[in-house]
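> As a plain string of letters, each chain reads:
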Amino acid sequence: MAVAFLVLPLIALLIRAPWSSLGSLLSTPEVRDALRLSVICASLATLISLVVGIPLAWVLARTQIRGRGLLRALVTVPLVLPPVVGGVALLLAAGRRGVLGEPLYNATGISFPFTTTAVVIAETFVAMPFLIISVEGALRAADRRYEDAAATLGADRVTTFRRVTLPLVAPGVAAGAVLCWARALGEFGATITFAGSFPGTTRTMPLQVYLALESDPEAAIALSLVLLAVSILTLGLLRDRWLMRT
Amino acid sequence: MSLDAHIVIQRGALPVDVAFEVGPGEVLAVLGPNGSGKSTLLRVLAGLAHPDAGHVRLDGLTLDDPAAGVRLPPHRRPIGMVFQDHLLFPHLSTVDNVAFGLRARGQSREAAGKVAAHWVARMNLSDHSSVKPRSLSGGQAQRIALARALAGSPRLLLLDEPLSALDARTKLDVRADLRHHLADYAGATVLVTHDPVDAMALADRLVVVERGQVVQVGTPIDVSRRPRTDYVARLVGLSLLSGTAEGRSVVLDNGALVQVAEASTGPVFVAIRPAAVGLYRSRPDGSPRNVWAATVAGVTPYGETLRVDLHGEVPLTADVTPEAAAELDLVLGSAVWASVKASEVAAYPA
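If you're matching them up, the sequences are chains A and B in order.
Sequential numbering from 32 applies to the first sequence in the working numbering.
Sequential numbering from 267 applies to the second sequence in the working numbering.
Hint data in this document are derived by calculation from the structure and do not stem from the laboratory.
Beta carbons: idealized from backbone N, C-alpha and C, even for Gly.
Watch out, some of these pointers could steer you wrong.
Below, in silico cross-link-like pairs of lysine to any residue (SDA-like), each with a Cα-Cα straight-line distance of 20 Å or less [what the hints assert, rightly or not]: (1) B:LYS398 x A:SER142; (2) B:LYS398 x A:PRO198; (3) B:LYS398 x A:ALA201; (4) B:LYS607 x B:ARG547.
Now the in silico label distances, taken between C-beta atoms and shown as ranges [said to hold, decoys possible]: (5) A:TYR241 x B:ASP351: 28 to 34 Å; (6) A:LEU37 x B:ASP351: 52 to 58 Å; (7) A:ARG188 x B:ASP393: 34 to 40 Å; (8) B:ALA616 x A:ASP174: 43 to 49 Å; (9) B:ASN390 x A:ASP187: 30 to 36 Å; (10) B:ASN390 x A:VAL34: 54 to 60 Å; (11) A:ASP174 x B:THR495: 32 to 38 Å; (12) A:GLY98 x B:PRO281: 28 to 34 Å; (13) A:GLY267 x B:SER430: 27 to 33 Å; (14) B:SER430 x A:VAL115: 28 to 34 Å; (15) A:LEU123 x B:PRO281: 52 to 58 Å; (16) B:ASP393 x A:TRP50: 52 to 58 Å; (17) B:VAL463 x A:ASP174: 26 to 32 Å.
Between the sequences and the hints, there should be enough to build the whole structure, so can you do that?
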């Protein structure tokens with residue numbers, strides 16, 4: 032029952048897919064724009080998550096600082112928060128009237144909402160926890176004695192992290208990055224709330240799907256197929272390259 | 267003195283307080299049972315743990331001095347360490363593992379690679395220099411771990427149970443090999459082991475640690491001939507008794523009398539080799555002997571012979587051949603007579 036419930040909708044998607052006109056549906060300028068924007072934004076969000084998420088994962092896994100439990104709880108909030116609430120929260124923080132956004136706008140004239148930057152911010156907000164949790168788990172599972180060995184060989188903390196710890200947890204980092212990227216690619220709620228839906232600048236694939244469903248259902252199905260394919264590919268990557276090996 | 271250490275550290279419920287010195291070129295083995303705190307000592311020397319009190323000085327350089335607030339982090343200590351299961355970095359090739367320390371200490375890739383290749387060659391593993399550690403055998407991994415520790419020309423070499431990860435046959439080869447390399451090494455070496463054979467074979471001097479305290483210090487020969495605690499005696503296969511000497515007889519703490527080879531007075535230890543103990547069904551007589559009644563408390567195979575634990579007036583261990591054991595009909599609880607020639611009994615001041 033449960034399997035049927037989970038799988039049937041996907042099968043329906045495949046049955047109703049306009050296979051013959053798939054090529055032309057996916058090559059319209061709007062779709063190509065949405066696809067390009069999605070890939071760019073999701074990749075940027077993943078990159079940002081890697082740069083700021085890995086150090087945080089290290090702090091969570093390796094240090095004994097006070098409030099670490101609280102920190103971890105805060106990191107996991109976006110995982111369970113409805114994305115649309117995340118979008119509202121981002122708007123209140125970084126919007127033109129936001130807590131941070133208003134002084135920023137007054138000082139520099141920069142405003143995030145309804146820009147491509149906003150898309151990246153929204154996606155990072157929602158997807159980064161996947162990376163952090165994944166990397167933290169890998170760091171905890173890694174044998175810390177290798178770090179001891181590196182220290183006795185004259186490597187300081189930074190060198191040890193770069194040349195020993197990071198290579199040892201590389202599979203975990205890669206798995207986390209793939210998860211993060213996939214999540215960012217499918218982001219809808221926070222994006223539409225914080226960034227809106229402007230063709231070419233903020234209208235990513237999921238937004239395009241939602242919009243197309245009303246005007247051109249066939250195009251919506253075609254786009255959904257692309258997203259489904261990406262999801263399956265992600266699963267396949269994780270399974271073959273990392274999950275199976277461990 | 268090259269290394270001068272007095273280490274006071276709390277290890278769980280066990281207070282560790284141990285002092286020792288190691289000269290240049292000298293190999294000191296810290297021998298002790300599991301949980302005696304000996305590995306903690308090594309971690310302190312490496313800077314991976316820090317003492318509560320005492321000091322660690324190496325050639326005049328202070329590594330640890332809690333009273334003065336000195337605590338040099340591991341990566342700034344001129345040391346090399348070989349870990350119990352080698353801990354070769356799995357993502358680096360053999361030669362890159364050896365080059366790691368040189369690179370971390372700021373040498374160029376080229377210079378470090380050159381020195382590392384030289385060390386790999388010295389270990390006769392040049393054919394394996396580009397493979398990953400997981401395809402090395404235990405003995406090969408051990409040699410690479412040693413090369414990695416020595417490549418940075420450390421002033422202090424630390425070995426943590428260097429042979430315990432190896433199977434019995436490899437162990438013999440690697441032990442001989444390690445001995446050879448330690449002889450070439452000019453710095454001080456501290457080796458931690460629970461295996462008395464490794465300690466005897468590799469060390470110039472032993473420090474025996476039990477429950478966080480030094481119980482005996484001496485050369486391997488000294489320690490093996492004159493153990494001062496039950497643990498050491500059992501390690502070297504001797505029965506250890508304590509008592510008070512008056513001339514050539516020793517009154518043991520439990521009142522039993524032992525005839526010994528050399529005359530002395532005052533508190534002594536008495537050590538008896540298991541091979542020197544003869545077992546009989548009926549009481550033997552004749553030349554000046556020690557003869558005690560005993561019951562068999564255990565029989566275990568020991569190499570070619572059987573090791574028999576005896577309870578009685580004098581607790582002893584005896585080695586007998588399987589034939590003799592069959593003849594004597596030795597089973598748990600058998601009553602026997604144990605006899606030892608006075609000339610086979612060593613007594614030394616306690």
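> At the C-beta level, are ALA616 of chain B and ASP174 of chain A separated by a distance inside 43 to 49 Å?
holds (45 Å)
> Is it true that the C-beta distance of LEU37 of chain A to ASP351 of chain B lies inside 52 to 58 Å, as the hint says?
violated (44 Å)
> State, for the Cβ atoms of VAL463 of chain B and ASP174 of chain A, whether the hinted interval 26 to 32 Å holds or is violated.
holds (29 Å)
> Are GLY98 of chain A and PRO281 of chain B spaced within 28 to 34 Å by their CB atoms?
holds (33 Å)
> Mind checking the hinted window 52 to 58 Å against the Cβ distance between LEU123 of chain A and PRO281 of chain B?
Hint holds: Cβ distance 57 Å, inside 52 to 58 Å.
> May I ask you to test the hint 28 to 34 Å on the CB atoms belonging to TYR241 of chain A and ASP351 of chain B?
Between TYR241 of chain A and ASP351 of chain B, where Cβ atoms are some 55 Å apart, the hint is violated.
> Given the hinted pair LYS607 of chain B and ARG547 of chain B, is their alpha-carbon gap at most 20 Å?
holds (17 Å)
> Measuring from beta carbon to beta carbon, are ARG188 of chain A and ASP393 of chain B in 34 to 40 Å?
holds (35 Å)
> Regarding ASP393 of chain B and TRP50 of chain A, is the given constraint of 52 to 58 Å on their beta-carbon distance met?
holds (57 Å)
> Between ASN390 of chain B and VAL34 of chain A, is the Cβ distance one that fits in 54 to 60 Å?
holds (59 Å)
> If I claimed the Cβ atoms of GLY267 of chain A and SER430 of chain B lie 27 to 33 Å apart, would that claim hold in this structure?
Roughly 43 Å apart at Cβ, these two residues miss the hinted range, so it is violated.
> Given the proposed pairing of LYS398 of chain B with SER142 of chain A, does the C-alpha separation stay at or below 20 Å?
Violated - the C-alpha atoms of SER142 of chain A and LYS398 of chain B are around 52 Å apart, more than 20 Å.
The structure fails to meet hints 1, 5, 6, 13, 14 from the earlier list, while all remaining hints are met.
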